[in-house]
Each structure stands twice: as C-alpha cells, then as structure tokens.
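Asks: Chains as they are written, first to last, in UniProt numbering: chain U, 1 to 206; chain E, 1 to 206; chain W, 1 to 206; chain L, 1 to 206.
Any given hint might turn out to be false.
[Said to hold, decoys possible] Stretch-level coverage of chain L by chain U, calculated; a stretch enters the list once three of its residues show a Cβ under 8 Å from a Cβ in chain U:
no., stretch
1, 27 to 38
2, 122 to 136
3, 178 to 188
4, 193 to 203
[As the list claims (entries may be wrong)] Not the full set, but computed from the structure, chain W residues with beta-carbon under 8 Å of chain L:
no., residue
5, L110
6, P142
7, N143
Derived from the structure by calculation, the hints contain no laboratory data.
The C-beta atom is built at its ideal place from N, Cα and C for all residues, glycine as well.
There are 4 protein chains.
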Amino acid sequence: MYRTEDLSARTEELIRAGRLFFERGWVPATAGNFSARLDENHLVITASGRHKGELDADGFLVMGQGGEVLSPGRKPSAETGLHLQLYRHEPSIGSVLHTHSRGSTLLSRLSPGGVVLEGYEVLKALPGVETHETRLEVPVFPNDQDIPRLAARVEEYMREHPGLPGYLIEGHGLYTWGRTVADARRHIEAFEFLFECELEMRRLKR
Amino acid sequence: MYRTEDLSARTEELIRAGRLFFERGWVPATAGNFSARLDENHLVITASGRHKGELDADGFLVMGQGGEVLSPGRKPSAETGLHLQLYRHEPSIGSVLHTHSRGSTLLSRLSPGGVVLEGYEVLKALPGVETHETRLEVPVFPNDQDIPRLAARVEEYMREHPGLPGYLIEGHGLYTWGRTVADARRHIEAFEFLFECELEMRRLKR
Amino acid sequence: MYRTEDLSARTEELIRAGRLFFERGWVPATAGNFSARLDENHLVITASGRHKGELDADGFLVMGQGGEVLSPGRKPSAETGLHLQLYRHEPSIGSVLHTHSRGSTLLSRLSPGGVVLEGYEVLKALPGVETHETRLEVPVFPNDQDIPRLAARVEEYMREHPGLPGYLIEGHGLYTWGRTVADARRHIEAFEFLFECELEMRRLKR
Amino acid sequence: MYRTEDLSARTEELIRAGRLFFERGWVPATAGNFSARLDENHLVITASGRHKGELDADGFLVMGQGGEVLSPGRKPSAETGLHLQLYRHEPSIGSVLHTHSRGSTLLSRLSPGGVVLEGYEVLKALPGVETHETRLEVPVFPNDQDIPRLAARVEEYMREHPGLPGYLIEGHGLYTWGRTVADARRHIEAFEFLFECELEMRRLKR
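Take these sequences, add in the hints, and give me the full structure.
Replies: Next up, the structure:
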C-alpha cells in the first residue's frame with residue numbers, strides 16, 4: 001500500500017504545478033489534468049471540474065491503476081483513462097501532466113498530421129535528447145470524446161514509437177510525463193516554450 | 001431580505017475575480033463591471049469608476065433588481081442596466097461579469113456580425129456545450145452609450161436565442177454570466193482563451 | 001512649504017505604480033520616470049538610473065518647479081525637464097508618468113506623424129472623452145537627447161492643442177499625466193491598452 | 001580568498017534574478033545559467049540542471065577561474081566554459097547572465113549573420129551607448145555542443161570587437177554581463193526588450 005506522506009507530497013507538488021500553469025495561461029477555466037504515481041498500483045489524480053490554479057487536497061482522488069476510485073464521493077475527470085494508459089504502459093512514469101494552452105491548441109489544429117520541432121537548444125530538456133540537432137516529431141491525435149478509443153490509439157502509437165516524450169490532441173492540448181512531478185513539469189515547460197517559438201516562426205516566415 | 005454573510009461572501013469573490021482579471025490585462029484603467037445576486041430581488045455590483053484590480057468593499061453597492069440604489073452615496077456604473085437585464089431575464093443567473101480585454105475588443109471590431117467558435121475543446125467549459133464539435137455563435141452588439149436601448153437589444157436577442165452563454169459589444173468587451181461567481185469566472189476564462197486563440201488563428205491563416 | 005506626509009504618500013503611490021508597470025513590461029531596464037506635485041512649487045521625482053520596478057524612498061528626490069534639486073546628493077533624471085514643462089504648463093496636473101513599453105516604442109516608430117485612436121470604448125478612460133465615438137490624435141515627437149529643445153516643442157504643441165491627454169516620443173515611449181497619481185496611472189493603463197490594440201489591428205488588417 | 005558574505009550576497013542576487021527571469025518566460029525548463037565574481041580568482045555559478053526560477057543556495061557552486069570546482073559533489077553546467085571565458089577576458093566583469101527566451105531564440109535563428117538594433121531609446125541602458133542614434137550589432141554564434149570551441153570563437157570575436165555588450169547563440173539564447181549582478185540584469189532586460197521589439201517590427205513590416 002502507498003504511504004500517506006507520499007500522497008501529501010505528490011498532491012502538494014501537483015497543486016504548485018497547477019498554480020504555475022494557471023499563471024502562464026496553460027489551464028484556462030477548468031482545463032487540464034494532473035496525476036502522480038503513489039506506488040506500483042496507485043495514483044493520485046485531479047478530480048473532475050476543479051479549477052487547476054486553485055487546487056487544494058479536496059481537488060484530488062486516489063485511484064487504483066485499474067481505474068477504481070478509492071476516495072469515496074469524488075468523481076474522476078473524464079480524461080483519467082489517458083493517464084491510466086501511460087502508467088500501465090511504462091512503470092517508470094511517475095507523473096502525467098496535461099495542459100491546455102493557446103500554443104498547443106493552435107499548433108495541433110494547424111498541424112493535425114504532427115508537429116516537427118528541430119534546431120532548438122531547449123529540446124535537450126526532453127528525455128532522450130542529447131543535442132539541439134535532434135528532429136522531434138510530436139504526434140497529434142484527433143480529439144475524441146470517447147476516451148477509451150483515444151487511449152487505445154495512443155497506446156498503439158507509443159508501442160510503435162518507443163521513447164516518445166509527449167503528444168498533442170487536436171484543438172485540445174498537450175500530454176507529457178516524467179519520472180517525477182518535477183520532471184514532468186520541466187517537460188511541460190519545454191514543450192510549451194517550443195510550441196510558442198514554433199507558432200511565432202510560422203507567423204514570421206509565412 | 002438578503003443575508004449580510006451573502007453580501008460579504010459575494011463581494012469577496014468579486015474582489016478576487018477583479019484581481020485575477022486585472023493581472024491578465026482584461027480590465028485596464030477602470031474598465032469592467034462585476035455583480036452577483038444576493039436574493040431574488042437584490043444584487044451587489046461594482047460602483048462607478050473604480051479600479052477593478054484594487055477593489056475593496058467600498059467599491060460596491062447594493063441594488064434592488066428594479067435599479068434602486070440601496071447603498072446611500074454610492075454611484076452605480078453606467079452599464080448597470082446590462083446587468084439588471086440579465087438578472088430579470090433569467091432567475092438562475094447568480095453572477096454577471098464584464099471584461100474589457102484586448103481579445104474581445106479586437107475580435108468584436110473585426111467580426112461585427114458575430115464571432116463563430118468551433119473545434120475547440122475548451123468550448124465544453126461553457127454551459128450547454130457537451131462536445132468540442134459544437135459551433136457557437138457569439139453575437140456582437142454595436143457599442144451604444146444609450147444603455148437602456150442596448151439592454152433592450154440584448155433582451156430581444158436572448159429571447160430568440162435561449163441558452164446564450166455570453167455576448168460581445170463592439171470595441172468594448174465581453175458579458176458573460178453563471179449560476180455562481182465561480183461559474184461566471186470560468187466562462188470569462190473560457191471565452192477570453194477562445195478569443196485569443198481565434199485572433200491567433202486569423203493571424204496565422206491570413 | 002509642502003507637507004512631509006504628502007511627500008511620503010506620493011512617493012508610496014509612485015513606488016506602487018512602478019511595481020505594476022514593471023510587471024507589465026512597461027519600464028524595462030531602468031527606463032521610465034515618475035513624478036508627483038507636492039504643492040504649487042514642489043514636486044517629487046524619480047532619481048536618475050533607478051530600476052522602476054524596485055524603487056524605495058531613496059530612489060526619489062524633491063525638486064522646485066524651477067528645476068532646483070532640494071535632496072542633496074541625488075541626481076535627477078535627464079528627462080526631468082519634460083516633467084517640469086507639464087507642471088508649469090498646467091497647475092491642475094498633479095502627477096506625470098512616463099513609460100517605455102513595447103507598444104509605445106513600436107507604434108511611435110511606425111507612425112511618426114502621430115497615432116490616431118478611434119472606436120475604442122476605453123478611450124473614455126482618458127480626460128475629456130465622453131464617448132467611444134471620439135477620434136483622438138496622439139502626437140509623436142522625434143526623439144531628442146536635447147531635453148530643453150524637446151520640452152519647448154511639447155510646450156508649443158500643447159498651447160495649440162488644449163486638453164491633450166498624452167504624447168509619444170519616437171522609439172522611446174509615452175508621457176501622460178493627471179490630477180492625481182491614480183488618475184495618471186489610469187491614463188497610462190488606457191493608453192498602453194489602446195496601443196496594444198492598435199498594433200494588433202495593424203497586424204491583422206495588413 | 002573571497003569573503004563568505006560576498007558569496008551569500010551574490011548568490012541571493014542571482015536567486016532573485018532567476019525568479020524574475022522565470023516569471024518573464026526567459027528561462028523555461030532548466031534553461032539559463034547565472035554567475036558572479038567573488039574575487040579575482042573565484043566565481044559562484046549555477047549548478048547543472050537546476051530550475052532557474054526556484055533556485056536556493058544548493059543550486060550553486062564555487063569555482064576557481066581556471067574551472068576547478070570548489071564545492072564538493074556539485075556538478076557545474078556544461079556551459080560554464082562560456083562564463084569563464086568572459087571573466088578571464090575582462091577583469092571588470094562581475095557577473096554573467098544567460099537567458100533562453102523566445103525572443104533571443106527566434107531572432108538568432110532568423111538572423112544567423114547578426115542582429116542589428118538601432119533607433120531605440122532603450123539602447124542607452126547598454127554600456128557604452130550614449131544616444132539612441134547608435135547602431136548596435138549583436139553577433140550570433142552557431143550553436144555548438146563543443147563548449148571550448150564555442151568559447152574560443154567568442155574570445156576571438158571579442159578581441160576584434162572591444163566593448164561588446166552581449167551575444168546570441170543560434171536557437172539557444174543570450175549572454176550578457178556587467179560590473180555587478182544588477183548591471184548584468186539591466187542588460188538582460190534591455191536586450192530582451194529590444195529583441196521583442198525587433199521581432200514585432202519584422203512582423204509588422206513584412
């Protein structure tokens with residue numbers, strides 16, 4: 001069974017990530033979802049409909065990796081299935097963060113076939129990238145209210161593309177992850193920066 | 001008669017909304033107006049000419065739904081009539097918020113015939129929207145210093161378009177509402193995000 | 001002679017204005033200058049080379065309206081002469097604020113013949129504007145390291161254009177004023193918002 | 001030997017600079033590096049992989065000017081060699097700051113031959129600039145994972161261009177410096193402002 005102090009520590013880290021993301025405009029209204037692994041079978045995840053810039057411990061629930069709610073009376077977000085897919089897919093994933101920024105919304109709509117990022121030093125903040133000479137392709141999945149179907153598509157893609165650091169959903173936002181909340185947060189920051197740069201490049205180069 | 005604790009609670013919520021909106025740049029100078037319902041006949045509303053990022057309890061007044069000022073010596077904003085129209089139109093409205101952002105100013109001038117929003121996941125933060133496949137038309141009313149005439153136009157439009165979640169005034173800003181201050185604030189956040197995305201799309205697609 | 005409590009109060013208001021303007025990016029590096037009238041013959045003004053986002057009382061000096069420094073050992077900003085011109089020109093001016101934003105820098109370079117603002121509701125935040133149907137022409141003066149010469153040009157223009165609420169210096173920034181620091185700050189907010197809108201309109205309409 | 005109080009004071013100044021730069025979006029993920037001179041032979045510099053918006057004293061290490069680590073167990077950043085080159089090149093340099101903003105990333109990619117800045121009043125915030133009529137050329141070095149090679153290129157360029165106030169690395173960011181941390185920070189603010197203006201000018205003038 002997971003430790004209570006891990007639940008408190010992860011919850012606090014996710015609350016702080018939410019505050020930061022909200023200040024940046026990356027989780028408007030009640031958009032976004034955050035989670036962290038507690039042990040091999042449990043995770044803590046934001047409840048449905050909470051404002052991500054003003055979370056407190058009541059805004060979270062504990063869940064088994066199979067999807068069973070262990071915090072009575074709390075309703076998981078509709079997108080929980082996308083988090084569960086990642087934790088099941090890769091045991092080293094310790095946190096999953098989903099933002100809903102202007103950059104990820106627009107870029108995913110402008111490039112529904114996938115977003116290519118290259119020539120940016122900040123790519124090195126992403127796992128598995130050792131040099132700015134990398135060419136990273138971020139897949140864009142069509143938005144879908146049927147979350148199990150969307151999760152299955154992501155699973156299939158990830159099997160074919162090991163080491164993927166994140167993906168976009170069209171008109172919807174970014175999912176990324178890491179070993180710890182701090183790692184996942186760093187990946188969010190790197191992707192959002194890259195998306196902003198890429199949008200600006202398109203404006204300037206048209 | 002309304003309860004004093006409701007007046008304090010609603011005032012505090014509106015003060016916090018003002019601080020947030022000001023940080024975002026959505027209520028420059030003394031722009032914007034905020035109100036909340038106290039009971040079926042009363043509301044609290046920002047007084048004329050106050051800075052919306054630095055409100056305190058003195059920046060508000062209590063008003064009857066017919067427009068009578070119940071806080072002696074305080075002057076209601078010129079746009080109070082637009083708030084009263086909404087509370088009279090729909091008893092379930094508990095709060096009305098008006099912002100004056102760059103996005104709403106520009107988009108309302110560029111699309112005086114109405115702004116169409118579609119394909120955005122965040123549309124689901126608005127009432128009555130269940131899927132991102134929605135097509136939402138936000139009406140734009142011509143700006144008018146004659147507030148009763150403008151309120152009458154809004155009333156007419158809302159009768160013909162039940163379930164409308166918000167509207168724009170040309171070169172002026174956004175009005176939206178909700179059952180609670182938190183709901184109305186979420187709708188402001190969603191609309192402002194959508195307007196920013198829409199402006200950016202137009203820049204990139206021209 | 002001016003009252004010590006007025007000096008403290010005005011200084012505190014200017015410190016807070018500086019913090020706000022810095023957060024907005026309107027006074028980068030040590031750009032900007034702020035002042036307030038203490039009585040008919042005295043004013044308090046920011047000293048040379050101070051960072052405007054981190055001012056304290058040591059960052060100001062008291063000055064006679066003729067330009068004589070009354071705070072021994074403190075060096076007035078090179079642009080002090082532009083503040084003095086305004087206080088001499090119009091006794092009802094109680095505060096002068098100068099920002100150096102991206103919007104004012106760019107717009108003044110793109111429209112060296114003057115910036116026309118019309119159709120914006122927020123124009124009503126400026127003195128003498130009663131309706132959004134106003135057409136306001138903001139003059140742009142060529143940048144000049146010879147401050148007395150620049151001040152003389154401003155004086156001449158203001159005599160020919162009574163009621164002017166503010167002006168731009170090319171590639172340099174905005175000067176505006178008001179009866180109180182709060183009024184002048186409101187005018188800064190309104191102008192900066194209008195400049196941002198106007199730049200965006202040009203981007204979108206090209 | 002350097003004084004302990006200087007180490008504390010410089011570290012505190014760099015921590016505050018990091019917080020500010022992070023709020024502005026200039027050091028996303030763990031990007032950026034900051035250092036300050038402690039005496040003629042020693043400097044304090046950010047350790048590898050730290051988040052620059054949330055630094056504490058543990059995020060720094062003391063180093064000899066020859067590159068020897070004097071804080072056991074701490075790993076210097078890969079880019080330390082670029083800081084050392086500057087301290088060795090010019091004894092009056094007391095602080096070196098490196099940011100990784102959207103503006104510096106994009107402008108360095110769009111103008112790999114060098115960025116020319118002219119006609120901006122804020123140029124006067126940079127050392128050696130007395131008038132806005134200056135024409136400043138900021139060199140752009142190709143990004144290179146081989147830091148000694150990159151440092152040698154910078155050294156060569158600086159010998160040929162005495163008085164250089166800063167440089168860009170393509171797709172990577174800005175290096176600037178000053179006599180004190182406050183000076184270097186002012187130069188960062190001035191450059192970042194200028195880069196944002198310059199990008200916007202290109203958008204508007206295309």
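Asks: Each hint needs a verdict: does it hold in this structure or not?
Replies: Right, here's what the structure says about each hint:
1. For the stretch 27 to 38 of chain L, the proposed coverage by chain U is satisfied: 4 residues have a C-beta within less than 8 Å of a C-beta in that chain, meeting the threshold of three.
2. Coverage of the stretch 122 to 136 of chain L by chain U is violated. Counting CB-CB distances below 8 Å, 0 residues qualify, and the rule asks for three or more.
3. Residues of the stretch 178 to 188 of chain L lying with their CB closer than 8 Å to a CB of chain U number 0, which falls below the three-residue condition for coverage.
4. Only residues whose C-beta sits within less than 8 Å of a C-beta in chain U count toward coverage, and the stretch 193 to 203 of chain L has 3 of them, enough to reach three; the restraint holds.
5. For L110 (chain W), the suggested interface contact is upheld, since its CB lies about 6 Å from the closest CB of chain L, less than 8 Å.
6. Taking 8 Å as the C-beta contact cut-off toward chain L, the hint placing P142 (chain W) at the interface is violated, the least distance being around 10 Å.
7. Contact between N143 (chain W) and chain L, as hinted, is supported at the beta carbon level, the nearest pair being about 5 Å apart and thus within 8 Å.
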